[in-house]
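K.L.:
Single-letter residue listing:
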Amino acid sequence: MLKVENLHIKLGDFHLSDINFSVEKGEYFMLLGESGSGKSVLLESIAGLFKQNKGEIFLNGQNINKTNIQKRKIGLVFQDFALFPHYSVEENIAFPLKIRKYKSAIIKDIVDQLACEMNILPLLKRKPETLSGGEKQRVALARTLTLKPDILLLDEPLSSIDVSLKGELRSLLRRLNQKGQTIIHVTHDYEEAISLASKIAIIQDGKIVQTGTPKEVFTHPKNKFVAHFGGIKNFYEAKLEADPGKETTKACINEYISFQILTKHHEKKGHVLIGQKNILLSLVPQHISTINQYKGTIKEIIPARMGVDLIVETGVDFYVSVTSDSVKTFNYAEGQEVWVAFNPSAVKFIPD
Amino acid sequence: MHKNKGISLLFTFLGGIVLLFILAPLAGLLIHSSPSELAETMRDKEVGNSIALTLWASMLATIVFAFFAIPLSYILARNEFKGKQLVLGIIDLPIVIPHSAAGIALLTVISQQGVIGKAGNIFGMEFAGHTSGIVLAMAFVSLPFLINAARDGFSAVPERLEKAALNLGASPIKVFFMISLPLAWRSVLSGLIMMFARGMSEFGAVVIVAYHPMITPVMIYERFGAFGLKYARPVALIFIAVCLVFFILLRFLSKPKNDA
Chain B
0 MLKVENLHIK LGDFHLSDIN FSVEKGEYFM LLGESGSGKS VLLESIAGLF KQNKGEIFLN
60 GQNINKTNIQ KRKIGLVFQD FALFPHYSVE ENIAFPLKIR KYKSAIIKDI VDQLACEMNI
120 LPLLKRKPET LSGGEKQRVA LARTLTLKPD ILLLDEPLSS IDVSLKGELR SLLRRLNQKG
180 QTIIHVTHDY EEAISLASKI AIIQDGKIVQ TGTPKEVFTH PKNKFVAHFG GIKNFYEAKL
240 EADPGKETTK ACINEYISFQ ILTKHHEKKG HVLIGQKNIL LSLVPQHIST INQYKGTIKE
300 IIPARMGVDL IVETGVDFYV SVTSDSVKTF NYAEGQEVWV AFNPSAVKFI PD
Chain H
0 MHKNKGISLL FTFLGGIVLL FILAPLAGLL IHSSPSELAE TMRDKEVGNS IALTLWASML
60 ATIVFAFFAI PLSYILARNE FKGKQLVLGI IDLPIVIPHS AAGIALLTVI SQQGVIGKAG
120 NIFGMEFAGH TSGIVLAMAF VSLPFLINAA RDGFSAVPER LEKAALNLGA SPIKVFFMIS
180 LPLAWRSVLS GLIMMFARGM SEFGAVVIVA YHPMITPVMI YERFGAFGLK YARPVALIFI
240 AVCLVFFILL RFLSKPKNDA
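Protein chains in written order, with numbering that gives the first Met the number 0: chain B, 0 to 351; chain H, 0 to 259.
The hints are all genuine.
Simulated crosslink set (BS3-like; lysine-lysine; CA at most 25 Å straight-line):
1) H:LYS81 - B:LYS50
2) B:LYS276 - B:LYS232
3) B:LYS165 - B:LYS178
4) B:LYS102 - H:LYS173
5) B:LYS347 - B:LYS268
6) B:LYS214 - B:LYS347
7) B:LYS223 - B:LYS268
8) H:LYS173 - B:LYS50
9) B:LYS72 - B:LYS107
10) B:LYS249 - B:LYS267
11) B:LYS72 - B:LYS178
12) B:LYS24 - B:LYS70
13) B:LYS249 - B:LYS223
14) H:LYS83 - B:LYS50
15) B:LYS24 - B:LYS2
16) B:LYS126 - B:LYS147
17) B:LYS100 - H:LYS173
18) B:LYS65 - B:LYS53
19) H:LYS173 - B:LYS65
20) H:LYS81 - B:LYS53
21) B:LYS263 - B:LYS223
22) B:LYS9 - B:LYS206
23) H:LYS173 - B:LYS107
24) B:LYS327 - B:LYS298
25) H:LYS173 - B:LYS124
26) H:LYS173 - B:LYS70
27) H:LYS173 - B:LYS147
28) B:LYS206 - B:LYS53
29) H:LYS173 - B:LYS126
30) H:LYS81 - B:LYS9
31) H:LYS173 - B:LYS97
32) B:LYS9 - H:LYS83
33) B:LYS72 - H:LYS173
For the record, the hints were derived by calculation from the structure and aren't laboratory data. These figures come from a predicted structure and were not determined experimentally.
Using the sequences and the hints, build the whole thing.
P.N.:
Written as structure tokens, this is what we have:
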């Protein structure tokens with residue numbers, strides 16, 4: 000449906016280069032990247048509001064590089080909603096229809112239907128300044144959907160919404176997509192991507208570094224950046240060395256440290272990842288069967304959404320999740336010597 | 000913030016002197032004019048016609064030049080281009096040059112031998128010594144006020160709103176009339192009133208381009224020169240009152256919304 004080929008955009012200090020991706024009809028495509036990575040400009044470029052320096056954009060097989068913004072059939076919902084402050088909610092939603100000179104009875108029907116769908120019927124006479132973030136988002140969506148766009152572009156649609164309303168809006172977006180609306184959504188929020196996307200692309204330093212389903216991307220991250228985005232912090236470059244006679248394989252991380260892992264691969268380069276909940280922390284070495292056990296120092300203690308994250312330096316940094324109670328019970332403190340341990344089966348190897 | 004009472008008192012005193020300096024001549028004008036003099040001047044047809052001419056010429060200058068100045072303001076607010084600073088400098092030029100010099104400069108192009116004068120001749124129009132010349136002189140000195148105010152107004156309209164309108168299918172001209180102009184209207188209107196007010200109080204440029212027909216500032220000068228202060232004072236007072244009406248209107252319109 001939408002195909003972006005070799006897109007290059009230069010804007011001031013930052014640039015997007017060699018952007019390639021395609022979105023199929025009915026897909027929920029998520030572009031995930033850090034703030035300021037050029038995601039918004041990319042959307043504006045697809046919508047025709049920003050001219051790319053190089054590259055082609057195809058919609059339904061047609062090159063739309065030179066197609067007028069008004070004729071692209073691509074709807075964009077801006078991050079701050081861009082509602083017209085001098086119009087009421089009703090006038091905002093009716094705007095695209097009014098400029099196309101629809102009859103007022105038809106405009107009213109369409110506005111009422113969309114307002115009903117978006118659950119904003121009681122707000123129609125109000126001015127945008129009196130609405131909450133969630134309400135504004137629904138109005139902006141309704142306004143964009145009046146044109147029945149082939150593709151709906153959403154720029155960080157949940158970033159300025161109260162946490163309590165995010166779930167509700169996610170359901171709304173999911174429902175829209177299930178009805179067949181193709182959506183391209185840009186965000187910096189990994190959870191948003193996991194909960195909505197059927198396909199994601201990760202932007203790093205102005206380039207798409209990985210594309211696939213959320214499961215593919217976050218279970219097989221191609222680099223540290225992607226892994227970090229997916230909340231995987233124990234992600235290391237590794238070189239496998241066959242250990243004859245052993246069931247496990249040696250994964251060399253650096254000259255100081257190596258892990259024993261269970262993998263079908265031998266003598267390959269790649270990355271290893273360990274879930275931080277799979278790492279055990281103790282004050283003394285554990286008398287357990289695990290063969291991966293290392294002495295280290297607590298470098299940092301970071302309160303997390305659930306419990307506490309500890310960074311333990313052993314030759315590489317391990318991120319370990321523990322409960323707040325454990326921190327109190329064992330008096331964990333920065334600079335303290337501790338032991339980390341994990342099973343070979345807890346380590347996943349991703350070949351290059 | 001720490002407040003120093005002594006400094007505060009001193010500054011209030013110094014500021015008070017400035018305010019007095021502005022108000023004293025106006026108050027003096029009011030005190031020295033007798034009601035009978037004022038009533039007589041108000042009945043004077045010549046004065047009435049002159050005030051009407053001044054208001055009319057300034058309004059015409061504002062309306063005619065707004066068609067050119069408002070689009071220019073929009074371009075200046077939205078675009079970065081080579082030589083923009085030069086253009087901005089040119090726009091402010093009428094503010095910094097002496098208005099009598101501006102009148103002379105204008106006269107060289109609108110006189111029978113000047114470029115505009117010759118072009119006007121083709122359509123049977125004359126400028127020097129005519130209302131049309133007064134309109135041009137008023138526009139020349141007052142245009143920067145409209146352009147600068149409108150430019151600030153357009154700059155304050157978030158560009159995203161215009162982009163959103165384009166994305167929703169509006170043509171650039173519709174975006175301008177349905178989004179940019181309505182959102183910048185307060186500044187544009189302030190600019191229009193400022194241009195109008197500045198135009199009608201102009202003396203220097205107008206007196207050189209057209210002594211007759213006589214606009215009120217020229218009439219005040221003429222009456223003072225020919226008959227003295229006593230005859231110039233009531234005309235000045237009445238004209239100041241007219242100007243004050245527009246000044247109050249301007250302050251009222253440009254006042255920011257409290258609930259914004």
